[in-house]
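There are 2 protein chains.
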Amino acid sequence: MLIHELTADECRAVLGRASYGRLGCARLDQPYVVPFIFQLDPSGTCVYSFSTVGQKIDWMRDNPKVCVEVDEMVDQYNWTSVLAVGRYEEISDARRDDDLRRQATVLFQHRSNWWFPALGKLASGEEHHATVVYRILIDRLSGRRAARAK
Amino acid sequence: MLIHELTADECRAVLGRASYGRLGCARLDQPYVVPFIFQLDPSGTCVYSFSTVGQKIDWMRDNPKVCVEVDEMVDQYNWTSVLAVGRYEEISDARRDDDLRRQATVLFQHRSNWWFPALGKLASGEEHHATVVYRILIDRLSGRRAARAK
Chain A
1 MLIHELTADE
11 CRAVLGRASY
21 GRLGCARLDQ
31 PYVVPFIFQL
41 DPSGTCVYSF
51 STVGQKIDWM
61 RDNPKVCVEV
71 DEMVDQYNWT
81 SVLAVGRYEE
91 ISDARRDDDL
101 RRQATVLFQH
111 RSNWWFPALG
121 KLASGEEHHA
131 TVVYRILIDR
141 LSGRRAARAK
Chain Y
1 MLIHELTADE
11 CRAVLGRASY
21 GRLGCARLDQ
31 PYVVPFIFQL
41 DPSGTCVYSF
51 STVGQKIDWM
61 RDNPKVCVEV
71 DEMVDQYNWT
81 SVLAVGRYEE
91 ISDARRDDDL
101 RRQATVLFQH
111 RSNWWFPALG
121 KLASGEEHHA
131 TVVYRILIDR
141 LSGRRAARAK
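Those protein sequences? They're chains A and Y, same order as listed. Heads up: the first sequence at position 20 corresponds to 20 in the working numbering, and the numbers run straight through without jumps. Heads up: the second sequence at position 121 corresponds to 121 in the working numbering, and the numbers run straight through without jumps.
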């Protein structure tokens, strides 16, 4: 098996076709990782997502250093993995964020079904809090692809 | 869609049948997430894995606070996600670690095919460094399962 490093363009292609990935955040050196849905901005410089307020949002507000991981696992000899290291940026309701909110809405409409999981009703009856729209500004991309040696 | 919290036993069942997951570590509040293979110990108290030395091992040696994430995504309405928060512990070649190394070896033999990806040859020709065997001692388990509302 050979493992190739991916170029930044190849990493963006993986992020662009992913239906979901994992978001990593950290507080006091404790990492926290959760699956999340996102949409890559056509510019390739950031991904947009949304979430109800909870641990993930609390932690990212405290420490904006985050990462986004996506992997495609065909089998143990054929897999791709991409990591985007970046910064959390919340998109507010303020007028200065109008353009960003509009952009996020356009992107989310491409996968309207995906809205629902993040907003699912908790079986415990606990009410969800407000929904937050945010983006991750990508600072560094890296990725690897494995394939059988010829 | 209803979202249920999983019990610790249900979380362990998900970890036990997973063929791989993601390992989260952090340094200077920067999270880092990579796919990895692991095997849950039958006691349910830790998972075993191995890796060539690189960023992941360097970071976990510096900061043993880590987490293990596993998700099972059937579709947007049917998914399960588990997070194990724990501590990195390296298994040395010293005699005091004989029992742990033996236990790890027995567990890895159940999925011998999985040995190879972590040891794949880099296409760049760069040589891999030594292989490290380690375990993650699980401190906290949490998980959620989503299903269509009846």
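FYI, nobody ran anything at the bench for these hints, they're computed from the structure. Possibly wrong hints are sitting among the right ones.
As the list claims (entries may be wrong) - Interface residues of chain Y toward chain A, partial, derived using beta-carbon atoms under 10 Å:
#1 Arg-22
#2 Pro-31
#3 Val-34
#4 Pro-35
#5 Asp-71
#6 Leu-83
What the hints assert, rightly or not - Some, not all, of what chain Y presents toward chain A, calculated at C-beta under 10 Å:
#7 Cys-46
#8 Glu-69
#9 Leu-100
Just so you know, even glycine gets a beta-carbon here, dropped at the ideal spot from N, CA and C.
Comparing the hints with the structure gives:
1. Arg-22: Since chain A brings a Cβ to about 6 Å from Y/Arg-22, closer than 10 Å, the hint holds.
2. Pro-31: Given a least distance of 4 Å, the restraint on Y/Pro-31 holds.
3. Val-34: holds (7 Å)
4. Pro-35: OK, holds: Y/Pro-35 within 10 Å of chain A, min 5 Å.
5. Asp-71: Because about 5 Å separates Y/Asp-71 from the closest Cβ in chain A, which is inside the 10 Å limit, the hint holds.
6. Leu-83: Because about 7 Å separates Y/Leu-83 from the closest Cβ in chain A, which is inside the 10 Å limit, the hint holds.
7. Cys-46: violated (17 Å)
8. Glu-69: holds (4 Å)
9. Leu-100: Constraint on Y/Leu-100 not satisfied, violated at 24 Å.
When the structure is compared with the earlier hints, violations turn up for hints 7 and 9 and for no others.
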